Amino acid sequence: MNYHWNWGIFFEPNPMGTGTYLDMLLSGLVLTLKTAALAWIIALIFGSLVGVMRTLPSKGAYWFGFCWVEFFRNMPLLVQLFLWFFVLPELLPKAAGLWLKQLPNAPFWTAAIGIGFFMSARVAIQLQAGIGSLPRGQKMAATALGLTTVQSYRYILLPMAFRIILPPLTSEFLNTIKNTAVAITIGLIELTGQARSMQEFSFQVFEAFTAATLLYLLVNAIVVTAMRFLERWVAIPGYITGK
Amino acid sequence: MFSNLDFEVIRRSLPYLFYEGMTFTVTLTALAALGGLIFGTAIALMRLSGYKTLGRIAGVYVDFMRSLPLVLVIFWFYFLVPYIGQWVTGASRPISVGAFASSLITFIMFEAAYFSEIMRAGIQSISRGQPAAANALGLTYAQTMRYVVLPQAFRNMLPVLLTQTIVLFQDTSLVYVLSIPDFLGAASKVAQRDGRLVEMYLFAAVVYFTISCIASFGVRRLQSRIAIIR
Chain A
1 MNYHWNWGIF
11 FEPNPMGTGT
21 YLDMLLSGLV
31 LTLKTAALAW
41 IIALIFGSLV
51 GVMRTLPSKG
61 AYWFGFCWVE
71 FFRNMPLLVQ
81 LFLWFFVLPE
91 LLPKAAGLWL
101 KQLPNAPFWT
111 AAIGIGFFMS
121 ARVAIQLQAG
131 IGSLPRGQKM
141 AATALGLTTV
151 QSYRYILLPM
161 AFRIILPPLT
171 SEFLNTIKNT
181 AVAITIGLIE
191 LTGQARSMQE
201 FSFQVFEAFT
211 AATLLYLLVN
221 AIVVTAMRFL
231 ERWVAIPGYI
241 TGK
Chain B
1001 MFSNLDFEVI
1011 RRSLPYLFYE
1021 GMTFTVTLTA
1031 LAALGGLIFG
1041 TAIALMRLSG
1051 YKTLGRIAGV
1061 YVDFMRSLPL
1071 VLVIFWFYFL
1081 VPYIGQWVTG
1091 ASRPISVGAF
1101 ASSLITFIMF
1111 EAAYFSEIMR
1121 AGIQSISRGQ
1131 PAAANALGLT
1141 YAQTMRYVVL
1151 PQAFRNMLPV
1161 LLTQTIVLFQ
1171 DTSLVYVLSI
1181 PDFLGAASKV
1191 AQRDGRLVEM
1201 YLFAAVVYFT
1211 ISCIASFGVR
1221 RLQSRIAIIR
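Here the protein sequences come in this chain order: A and B. Per my numbering: the first sequence = residues 1 to 243. Per my numbering: the second sequence = residues 1001 to 1230.
Be careful, since some hints might not be right.
Have a look at the derived ranges for each label pair, beta carbon to beta carbon [stated by the list, open to error]:
| hint | chain 1 | residue 1 | chain 2 | residue 2 | range |
| --- | --- | --- | --- | --- | --- |
| 1 | B | 1096 | A | 16 | 26 to 34 angstroms |
| 2 | A | 59 | B | 1023 | 36 to 44 angstroms |
| 3 | B | 1051 | A | 146 | 43 to 51 angstroms |
| 4 | B | 1210 | A | 61 | 21 to 29 angstroms |
| 5 | A | 168 | B | 1023 | 31 to 39 angstroms |
A few chain A positions that, by computed beta-carbon distances, are all more than 10 angstroms from chain B [as the list claims (entries may be wrong)]:
| hint | residue |
| --- | --- |
| 6 | 22 |
| 7 | 38 |
| 8 | 86 |
| 9 | 87 |
| 10 | 95 |
| 11 | 98 |
| 12 | 102 |
| 13 | 103 |
| 14 | 108 |
| 15 | 140 |
| 16 | 145 |
| 17 | 152 |
| 18 | 163 |
| 19 | 172 |
| 20 | 179 |
These are computed hints drawn from the structure, not numbers from a lab. This one's a predicted model, so the numbers in the text were calculated from it and none came from an experiment. For glycine and all other residues, C-beta sits at the position ideal for the given N, C-alpha and C.
Please model the entire structure based on the sequences and the hints provided.
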């Protein structure tokens, strides 16, 4: 390979005058984490609501949940981001559309909300499966105790279900972090975006992408370790993972 | 709100969208799924084989691929493949590979990691008695895999493999970052040329949605049909 390696490139000043190339990548990492965190909060809130709706006896709630999941699952994330970013402002009334287009940090908010909704469909399915995996007796016991539907979800079903589905939720969280890279297409300069611009400025393709790769691996390792601790902490006694 | 939309632009660009764009998308999906399946099976067998080193190499590969965003992997291979080509052919400069070749290699290598995990779960779902019985019959390891374990594992895993293929079909839209005219890329080229973003992106969304919905409905039907009754 006649490629000119230059690992010192990270400590050279970047052409934007915002410090070194390393600073550029790290600011991308921060943006990746911020987007992922906000998206994950949105995914958890909406995913939980929709997941619960899919387990309720009400037909209407079930269908709403069904449509929600099918809508967000059957379109590529990239297309969904385009819909929110390019299409939505045009379809709104003029004033609202204009306001939306002029929001500062539009790519960030679009990415976080878009990825959040996209992931909420997956969270909903996991939660539905988790609630479905509980023994029937749990729900019956709750009813027999005189708990209302809300109370039985709040005190019995959800605490159990969330603890059971923690491992699949971990991988959904990792997916959320990875999916933030798609937002490069609507102009969010997160970690992959910064690696890409570093490569364009410096022509050091492999160094730039190697650094981004290592940072993603590092984030993954931290999340997996943290979740393993959380899993052990919330394990349900009597289950295989419990004490 | 749809009054100032011009849906004529969609009709005008249909041939380009489908002959060029969708053909690219579907070909890439099919070949990547096939390649991913072959490599994925090999990786799954490596992980399950008795050789520790082999299993560890496969494990590192799978973990590595699965912890990176697809967009980053697409960039990696886009820049790396010319150098690999140069190294393999011994050329004096990085050889230029077409957009199709480089995205196909990306998706095969990426999907192999995901398919291998599905295959591994499928192989592990086969009861111990099956390979033991094959062993007792005097079949070799290769024969056991070929005639006893893999056919059942494939059947068990077919719905999941197909679901992953639908995900792959949606993920191929990400070659957009290389400005390749796949279906979405073609739609977005027309959108930018004619200044008709709204119509084109809505249309692309509807097409992806319809195809994925029909496909996942088919997978659900298939799943209830081929389930092995125990």
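Which hints from the list above does the structure break, by number from lowest to highest?
3, 8, 9, 20
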